[in-house]
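**Q** Spelled out from the first residue to the last, the chains are:
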Amino acid sequence: MLAAAVSPGWYLSLAAVLFSVGAVGVMVRRNPLVMFMCVELMLNAVNLTFVTFARDLDDVGGQVVVFFVLVVAAAEVVIGLGIIVSILRRRPSATADDASLLRG
Amino acid sequence: MGRTGVNPVTLLVAAAGTVLVILGTWLIGVEPTVFGAAGAIVLGGAAGVVLNRNPVHAALSLVATLFGIAVLFVAMEANFLAAVQVIVYAGAIVVLFLFVIMLLGVDSADDLDTDPLVGQRPVAIVLGVLMAAGLVAVVVTSTITGAPQSGAGWVRDGDDISQIGRLLFSDHLFAFEITSLLLVIAVVGAVVLARTAKGVQIDQDEPVASLPGDPILVDEDGES
Chain A
1 MLAAAVSPGW YLSLAAVLFS VGAVGVMVRR NPLVMFMCVE LMLNAVNLTF VTFARDLDDV
61 GGQVVVFFVL VVAAAEVVIG LGIIVSILRR RPSATADDAS LLRG
Chain B
1 MGRTGVNPVT LLVAAAGTVL VILGTWLIGV EPTVFGAAGA IVLGGAAGVV LNRNPVHAAL
61 SLVATLFGIA VLFVAMEANF LAAVQVIVYA GAIVVLFLFV IMLLGVDSAD DLDTDPLVGQ
121 RPVAIVLGVL MAAGLVAVVV TSTITGAPQS GAGWVRDGDD ISQIGRLLFS DHLFAFEITS
181 LLLVIAVVGA VVLARTAKGV QIDQDEPVAS LPGDPILVDE DGES
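Chains A and B, in that order, give the protein sequences.
Read in order, the letters of the first sequence are residues 1 to 104 in the numbering used here.
Read in order, the letters of the second sequence are residues 1 to 224 in the numbering used here.
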């Protein structure tokens with residue numbers, strides 16, 4: 001145990017700010033790859049929140065949920081990057097605005 | 001812009017950070033110092049992801065953020081998750097990002113100056129600030145109540161792997177099996193997405209749209 005533990009409010013506030021930065025990134029950036037990275041930022045903020053609550057409530061369940069979030073994030077990145085590659089192979093300079101229709 | 005040699009600003013920041021960490025450890029204790037340093041790395045990396053024009057730089061900033069989160073996990077004694085965070089996120093997901101960036105060409109720098117949707121950026125920033133302020137206000141003004149839901153207490157003896165594993169294969173077994181299904185679907189989906197048109201070999205296909213400065217997409221016999 002480390003002495004002088006940081007209260008969970010600090011961790012939760014950091015996670016909140018990180019989530020907001022990621023959300024602003026998703027709204028501001030137009031490169032689909034960078035938008036995906038910002039989604040990863042948001043997922044990491046949620047993971048941090050889960051671990052903080054797991055520590056504060058003495059419950060391993062929070063860590064198990066983080067485990068599942070990791071798996072879902074990996075699957076999401078695989079599919080999302082596959083879609084992005086197949087879009088950008090047709091139109092090399094496409095931004096997120098150009099792909100507003102679900103057809104080629 | 002010359003990129004060789006060590007930037008003096010980098011050296012200065014590193015030295016100042018070291019001094020700050022030593023001072024902090026001495027003045028306010030270990031965990032607050034670790035939290036401050038890792039939190040600065042996390043937020044700095046996040047700002048780098050959002051603000052960098054070059055996708056490669058954004059991906060490297062993402063690595064900084066992920067490492068900072070891993071350090072925070074260690075500070076909260078979630079050692080296994082910290083290792084998984086580094087291995088899966090920094091080791092697999094960011095490498096996947098970098099592969100795709102290299103595949104599509106690194107020249108696709110984002111144009112941050114033009115604003116196709118008028119007023120989108122200020123609105124987004126205002127919304128983000130409001131969201132951050134609201135979330136932090138909720139966190140600050142409330143107290144954490146409630147009992148552990150899983151009934152499996154977290155015994156902090158450094159053996160969190162076996163505790164997570166026991167819970168994963170008892171209470172969350174069904175979710176675990178569904179996760180395996182999800183991964184299979186993701187793999188099949190990736191294969192389907194990566195396939196080109198039916199029965200057409202990639203080599204005989206008409207050249208896919210080539211990116212400027214991209215030597216890979218030239219045909220093997222030299223004609224582009």
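Derived from the structure by calculation, the hints contain no laboratory data.
For each residue, glycine too, the CB sits at the ideal point set by N, CA and C.
Incorrect hints may appear among the rest.
To be verified - Simulated DEER-style distance windows between Cβ atoms:
| # | chain 1 | residue 1 | chain 2 | residue 2 | range |
| --- | --- | --- | --- | --- | --- |
| 1 | A | ASP58 | B | PHE174 | 20 to 26 Å |
| 2 | A | SER86 | B | VAL30 | 45 to 51 Å |
| 3 | B | VAL140 | A | ILE83 | 35 to 41 Å |
| 4 | B | VAL129 | A | SER7 | 36 to 42 Å |
| 5 | B | SER142 | A | ASP58 | 17 to 23 Å |
| 6 | A | ARG90 | B | MET102 | 45 to 51 Å |
**Q** Are the hints correct? Go through all of them and say.
**A** Hint check:
| no. | hint | in the structure |
| --- | --- | --- |
| 1 | A:ASP58 with B:PHE174: 20 to 26 Å | holds, 24 Å |
| 2 | A:SER86 with B:VAL30: 45 to 51 Å | holds, 49 Å |
| 3 | B:VAL140 with A:ILE83: 35 to 41 Å | holds, 39 Å |
| 4 | B:VAL129 with A:SER7: 36 to 42 Å | violated, 24 Å |
| 5 | B:SER142 with A:ASP58: 17 to 23 Å | holds, 19 Å |
| 6 | A:ARG90 with B:MET102: 45 to 51 Å | violated, 19 Å |
Checked against the numbered hints above, the structure breaks hints 4 and 6 and satisfies the rest.
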